[in-house]
Amino acid sequence: MEKKKENIFRTLARWFVRFFFGLKFEEKWFGVNNMAGLEAASVKNEEPDDSELIVSPGRQVFNRFIERKFAVFSVFVVLTMFAIVFIAPNFMTKYYDAYTETTQKDVPPTLSLMRVPNKLKNNIKMIDSYGSFSVGLSNDGEVFVWGVGQIGASGLNIKDIPEEVKEAKIAFVAAGQDHIIAIGEDGKFYGWGSNRFGQYAVTDTILNNPNLEPVPDAVLNGELDVAHIKKVTCGYQASAILMDDGTLYIWGNKQAYSNMDKFIGKENIVDVDFTLNYVVGLDSRQSSVYTGTRGIYDVVYTSLADKGQKMKDFLKGRKILEIRSTTKNICLLLDDGSVALTGDFLSDVIDIPKLAEGEYFVDIEAGAYHYTGLSNLGHVYSFGGDHYHQAEAPDVSGGAKIFAGAFQSYVVDENGKLLDKWGLKGYLFGTDESGANIAERVIAGGKITMTAGAVAVIIEIIIGVSMGLLAGFAGGWVDILVMRVAEVFSSIPLYPFMMILSSLLAQVSITPTQRLYLIMVFLGLLGWPGFTHITRAQVLVARESEYVTAAQAMGVKSSRIAFKHILPNIISVILVNITLSFAASMQTETSLSFLGFGVMYPQPSWGNMLSRASNATAAINFWWQWLFTSIILITTTVCINTIGDTLRDVMDPKSSNDK
Amino acid sequence: MGRYIAKRLVYMIFVFFLLTFLLFMLYQLMPANRAYTDARTEIQTMKKLTEEEKKTKFDELYLKYRRMYGTDTDNKLILYLRWLGAYPFYDGSYNGIFQGNFGFSYDYNKPVVEVVPSHMRNSFLIGIITEIAVLSVTIPLGIKCAVKKGTKFDRFTQFFTLIGFSTPSFIIYIIFIVIFCSILHLFPVSGMKTPGSNFTGWKNFLDVLHHVTLPTICLVFGSLASITRITRASMIDALNLDCIRTARAKGLTEKTVIYSHAWRNAMIPMVSIIVGGFFGTISGAMILETMFGFKGMGLLLLSATRTADYDMIMFLEVIYTFLGLFANLVIDLCYGLVDPRVRISK
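Protein sequence lines correspond, in order, to chains Z and W.
Those letters in the first sequence? Residues 323 to 981, by the numbering used here.
Those letters in the second sequence? Residues 6 to 351, by the numbering used here.
Rather than coming from a laboratory, the hints here were simulated on the basis of the structure.
Where hints are given, some of them may not hold.
Straight-line alpha carbon distances no greater than 27 Å define the calculated DSS-like cross-link-like pairs of lysine-lysine that follow [claimed, not checked]:
| # | chain 1 | residue 1 | chain 2 | residue 2 |
| --- | --- | --- | --- | --- |
| 1 | W | K62 | Z | K391 |
| 2 | Z | K416 | Z | K739 |
| 3 | W | K154 | Z | K391 |
| 4 | Z | K391 | W | K153 |
| 5 | Z | K443 | Z | K491 |
| 6 | Z | K739 | Z | K443 |
| 7 | Z | K739 | Z | K552 |
| 8 | Z | K641 | Z | K588 |
| 9 | W | K149 | Z | K391 |
| 10 | Z | K743 | Z | K553 |
| 11 | Z | K641 | Z | K553 |
Based on the sequences and whatever the hints tell you, model everything.
In structure tokens, the structure reads:
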């Protein structure tokens, strides 16, 4: 026999080929003559000798299993799900459980966050964005909005640009978290989106609310001289307009920006921007960041690896030209073209790039976490927060202007043609109520849910099967004792008991991972009696078989008979129950987590990711937060149950071929 | 028969004490000290006391409350016996569950025994309607599927019950809530009656009905799939029995074969499901009650766990344990009724 040696991979590959291409190809590619057996069988059939036809029981089960198309499909689905859930987290390097992002809450599934409209692509004057939508202005004064139009559950759509804005020629636009402001070339002021915090219009309730700063009259009445507007910018629920002469108009939610009062009526301002909590400005001395409070932004970093220096020591007489702020930190552009950072930094940050000799920054723009800089040679560089790979700039030359969205960057040449864009395209399954990407949490949560199911089942098997073997094989008082203990365990009410254990665990100081494993162990400890019953019943039948009698007659030790002789013969029944109880354990875990007693936030699980949906309004408004997770959960359990059912069917000699 | 029941009862009592002891010990792990909190609250109401006086007064009060609650010892066994009412308190009185004192709910400010019945009634009402509805749908459906095994009808039902069986019940509830409350606006989302309303008589009945209909529908749909599948499986097994072949060979009508011969055999594995289901109605459906704000046993337990209302949790655990054990006994007795081969007197 010069047949190649069979190993597990070869066998799997053969099976794969047989599933999808048929026996002929298997023969062709692997040189295995499967047909020979069949041909031989058909030849032999004519002779009254059937002995060649006998196949091993395992083989028979397998052959019957692969006849069921849906079951085979289910095996592939479950394997794929396992592969995704256990392999993909290794590639999600930026993912961590507790990630939250205020500006990206409840974003529906979309991939359009960076989709600049075609009409705008060759004619860009400016682009701005703060949250989940971006606003663009063409050189002709036309306004475009892309990204997610829906604003929370308010029913407003930011993409409904007012008619008057469409008709007017616009000179400046800026976008906040839930509003857009625009200034026409005639100085007229426009705004749309949410006005709950007086973002763009003045009403009596806004005037009466001491926490809100109304839009200044000069802005509302269109008295601004457009030619002398230096900058229009928006923060979370606030906006600012800066004039060339250092006059600043600023308004919006003072609760979000507690130092806004310090800026009202302040003169001689050169630059202004918003972090998530502070208004930051640059006064005409251009030597420090003004926030109204001393010392918040006084330590400067030229590289995040280095220690910070005092602002005064660092500047040494140089002047700050521009300040650009992300949610937590500020980038300073100095008059010699160098840049420096100040503020707090997360761990996942790309450092300021070192430019080549003779190259220096001419412009800096800031997104929600990242900065994009333009050099005098027209190259672009990104640095800062990189959670969505927004700080990984491509090689571009000839850039004349740069713009930054919340997680996107755009580079434009001198004619306004879009050269390149990079950053966050969107979220496949949307984001949850804390702004985390649901697609990533589904994968990470699947890992936890599936591990929980698997660990629970493994514990159930180990305890249940050995107890069942013991009870069934030993008999007598051992049998009675084991079965009584099993009965006690099975009369413990599962959910109430798990809830108490869970709230007990909340009192003890353990890490979330330890807690998770304890819950899995408890699930397993409460579930084993089922396996014991099944194993015992099977052992009682097997004990009377001839092979056991033979083994006993040969003087084989009892424990050896139980584990080496009986166990392999009843393994098929146990296998079926493993599959079914794996699905059941997953369901128990999801239900417990849904109630808030299993896996707890921020650790994701398919159960606790659905808890938002227990509220009817949220369930309909934020449908993506439960729909995708549910579909994946149901698909997985349906497939696992199908496998279990089919296995039971094909292993049962009674339910033979009559379908 | 009588001997068997007596034997089972003795065993049941033994397990009952074992389980309650385990649960009681679990509670002792919880860092709650009622005597301390009560003494603290009382000392705060007393003003005009110097620090020194406060301290002595506090110790006095603390001891008083500990004696009152019976926590003036560290011996856990004594604590358990006191809870049962088998060991005297400091003043020599017995005050435990044997004396009918199951504890005091801090959330409701009432003895737990007064809080639980109304919740139990709610759970039982909705549960019994559901159980009847479910059984009257699933059993005929399961039998039909088993008889017409392999036909299009069977495969169609199998497909849907597989999905229903694999879907965690709360997802089914979410879907129903979205469809009936958010899209069709047919039913209110939660509660037992219109808030602020003071209906009486017929109007009240209709109002309650309006609020209870959707939870009932949800509960019915949540348990349709699994029972249909179990009925079908046990019916298929029963139809493969030799006695069925004999019955057919005798020339009995197919109806008699199925309903009289096969169904009686199929009943045997079904007994635990049906009887267990009826007992389950009293325990309440925790997830459903939480989602609908339905004042049943499940919600009571959940809120008690969240607010750490220990006496309430303990009492509910006692009820659950008792119900579980009692249901097991009834199931075993029913086996004897359904299956004459099971000689339970053995």
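Each hint tested on the structure:
1. Taking the CA atoms of K62(W) and K391(Z), the gap is about 79 Å. The hint is violated against a cut of 27 Å.
2. Annotation: proposed proximity of K416(Z) to K739(Z) is violated, straight-line Cα distance about 32 Å (limit 27 Å).
3. Between the alpha carbons of K154(W) and K391(Z) the distance comes to roughly 18 Å, so the proposed pair stays at or under 27 Å and holds.
4. Restraint check for K391(Z) and K153(W): the C-alpha separation of about 21 Å stays at or below 27 Å, so the hint holds.
5. Of the pairs offered as hints, the one joining K443(Z) and K491(Z) holds, with about 18 Å between alpha carbons and a cut-off of 27 Å not exceeded.
6. At roughly 6 Å between alpha-carbon atoms, K739(Z) and K443(Z) fall within 27 Å of each other, so this suggested pair holds.
7. With a C-alpha separation of about 23 Å, the suggested pair K739(Z) and K552(Z) falls inside the 27 Å cut-off, and the hint holds.
8. The hinted pair formed by K641(Z) and K588(Z) meets the criterion: a straight-line CA distance of about 20 Å does not exceed 27 Å.
9. Only pairs whose Cα atoms come within 27 Å are accepted, and K149(W) paired with K391(Z) is accepted, the gap being roughly 25 Å.
10. Note on K743(Z) and K553(Z): the hinted pairing holds, with a Cα-Cα distance of about 23 Å set against a maximum of 27 Å.
11. Pair hint K641(Z) plus K553(Z) holds up; C-alpha atoms about 19 Å apart against a cutoff of 27 Å.
Checked against the numbered hints given earlier, the structure breaks hints 1, 2 and satisfies all the rest.
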